[in-house]
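Engineer: The task is simple: from the sequences and hints, build the whole structure.
Protein chains: 2
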Amino acid sequence: MKERIRIGIVGYGNIGRAVERAVKQNQDMELTGIFTRRNPSDLVQELNDSKVFAIGEAKNCTDDIDVAILCGGSATDLPEQGPLFASLFNTVDSYDTHALIPEYFDAVDSAAREAGKTSIISTGWDPGLFSMMRVIEEAVLPEGASYTFWGPGVSQGHSDAIRRIIGVKDARQYTIPIEKAIEKVRAGEAPEFAIREKHLRDCYIVAEEGADLERIEREIVTMPHYFSDYDTTVTFIPAEEMRANHGKMPHGGFVLRTGRDDEGDGHVVEFSLKLGSNPGFTGSVLVAYARAAYRLNKEGQTGAKTVFDIAPSYLSLKSPEELRKNDL
Amino acid sequence: MKERIRIGIVGYGNIGRAVERAVKQNQDMELTGIFTRRNPSDLVQELNDSKVFAIGEAKNCTDDIDVAILCGGSATDLPEQGPLFASLFNTVDSYDTHALIPEYFDAVDSAAREAGKTSIISTGWDPGLFSMMRVIEEAVLPEGASYTFWGPGVSQGHSDAIRRIIGVKDARQYTIPIEKAIEKVRAGEAPEFAIREKHLRDCYIVAEEGADLERIEREIVTMPHYFSDYDTTVTFIPAEEMRANHGKMPHGGFVLRTGRDDEGDGHVVEFSLKLGSNPGFTGSVLVAYARAAYRLNKEGQTGAKTVFDIAPSYLSLKSPEELRKNDL
Chain A
276 MKERIRIGIV GYGNIGRAVE RAVKQNQDME LTGIFTRRNP SDLVQELNDS
326 KVFAIGEAKN CTDDIDVAIL CGGSATDLPE QGPLFASLFN TVDSYDTHAL
376 IPEYFDAVDS AAREAGKTSI ISTGWDPGLF SMMRVIEEAV LPEGASYTFW
426 GPGVSQGHSD AIRRIIGVKD ARQYTIPIEK AIEKVRAGEA PEFAIREKHL
476 RDCYIVAEEG ADLERIEREI VTMPHYFSDY DTTVTFIPAE EMRANHGKMP
526 HGGFVLRTGR DDEGDGHVVE FSLKLGSNPG FTGSVLVAYA RAAYRLNKEG
576 QTGAKTVFDI APSYLSLKSP EELRKNDL
Chain B
276 MKERIRIGIV GYGNIGRAVE RAVKQNQDME LTGIFTRRNP SDLVQELNDS
326 KVFAIGEAKN CTDDIDVAIL CGGSATDLPE QGPLFASLFN TVDSYDTHAL
376 IPEYFDAVDS AAREAGKTSI ISTGWDPGLF SMMRVIEEAV LPEGASYTFW
426 GPGVSQGHSD AIRRIIGVKD ARQYTIPIEK AIEKVRAGEA PEFAIREKHL
476 RDCYIVAEEG ADLERIEREI VTMPHYFSDY DTTVTFIPAE EMRANHGKMP
526 HGGFVLRTGR DDEGDGHVVE FSLKLGSNPG FTGSVLVAYA RAAYRLNKEG
576 QTGAKTVFDI APSYLSLKSP EELRKNDL
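Note that the protein sequences, when read in sequence, are chains A and B. Residues in the first sequence are numbered consecutively from 276, following our numbering. Residues in the second sequence are numbered consecutively from 276, following our numbering.
Keep in mind the hints are simulated off the structure, nothing from the lab. One thing to keep in mind: the hints can contain errors.
No copy labels: a pair is met if it fits in one copy or bridges any two.
Below, a list of computed lysine-lysine pairs in the DSS-like style, where the Cα atoms sit at most 25 Å apart [unchecked claim]:
(1) Lys444 x Lys593
(2) Lys600 x Lys473
(3) Lys573 x Lys334
(4) Lys523 x Lys334
(5) Lys600 x Lys444
(6) Lys600 x Lys523
(7) Lys459 x Lys523
(8) Lys444 x Lys573
Quantities reported herein were computed from a predicted structural model and do not represent experimental measurements.
Structural biologist: Have a look at this one:
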């Protein structure tokens, strides 16, 4: 066995914990430690056998970490941490504020280039594997129509939006792709859909005692952007039921493209994910891209990259020779 | 619009014709000509507005072609043409003799390196996109089980095997994936299958007049390697029905991987193709990889490559900036 790739985890929420588990599933890697903004001693209970450091100590660990996996949020953590850590380490992150990706890319790119490091931004599954599949599918079927469906799965953003309504104690919103719409695409009909024809929104709410349930329901289904363009169902449930049945974070979706060559033969390309845990799978993808960041840096390919820039062999534990012999 | 990528097609069978059509769907490409072993004047009838040359003339066209797409067969054409053309042009092919790929890679690699050219071998969908998906799925779910199902679609090899039986005039063999088996995989059960549990073989035969149909059927279903390990159905049909209903070459399949993280959350990753025409889609994939070969060569990345070595952005018509802005 060659030397192992030494991983640092920055941020210890759902994704940080998933990365910690995923590193153990990859025999060419080991975890140097977890860097947190909390008091490290508060975290010791939660950890299995991982070491924990205050986030400010990271700059003293540049000799002990090959790739830092940034597990903070896109709203406030990554815009600051991304460029900062890219100036110290090879990095991987799951930055997902779509509109600001070009800016974020540029900031990380200059920091990484200057430091001679390699940073892969916006990995995970969407952005990430789904983005990659959209591009590949379009490249092999240049004349056609593309579709992305999400779910069934929990949307954190929509759940949070409901929680901000007065009288709501807890909420879970499931995004449900409409099977009939997916079937239409698979049939090669290249349909056009209104927003409400692609997804349903299914909400489970724990209300405060004595809250006006009708008002809550009305505020949900009429909420602009989040719900008003969708068919939305609202179900009020007791707190115990929320705990028992809605604690998981499943997700997934479908990336489809249909095309037709000029002899009229139709083709359908489909990629889909059915995930028991959204952060769990995201962590697993981040770790595979950490391998790519490490290898690219060894080759001198520095600066910021995205999933579009990474050849599949960089993700794999196997050597190019093994891949050609066994996987073609 | 930048200068267009000039394509040469070597071999004008089903795949060569599909490449000719696919080049027209890609606005950054143009067809320089088709190179054939047949007498070029015999082909003029079949062509739309493409130029045709004797294959021997290719060596005089090195200034007029950026990428030669080799559309010959893997049994006898490519082992000779692959290295030969790699010494003259950037090339793309769909070499699919799995056991001999490492040898073929080495032969093409030395020819291409010496000439400063770039050759992408074994593209198409399997080997090709399916191979790539197997590697990506395994990389993001290192602990799990992988499955490939083929079809529903026509297998040329199996159809040819039946045609060699005495008394058989024509034959079409459909490989049918067993839906129940795919459902089991999707359910995350990580099942193990016997060969006959994954695929059925469905055969349509035009027999010669007076042929012993029982003997033909027995010879088919007991044929080692091809049929004896499968549940096989044999249907004798009139020649007109074969012409009317079995002229297309549909194909496709499924690449699945299931895995579980150590919290017990299961994930299913699935890639599938439903192809109206097997050669049609293969041609379309070859053309996308021709774009990659051209760009890699411009960057000085010479030698033989496979789908594992090609980052998605090389396949796309869009610039890296556009991809980051619109497709992440």
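Engineer: Would you pick out the hints that fail for this structure and give their numbers low to high?
Structural biologist: 1, 4, 5, 6 and 8
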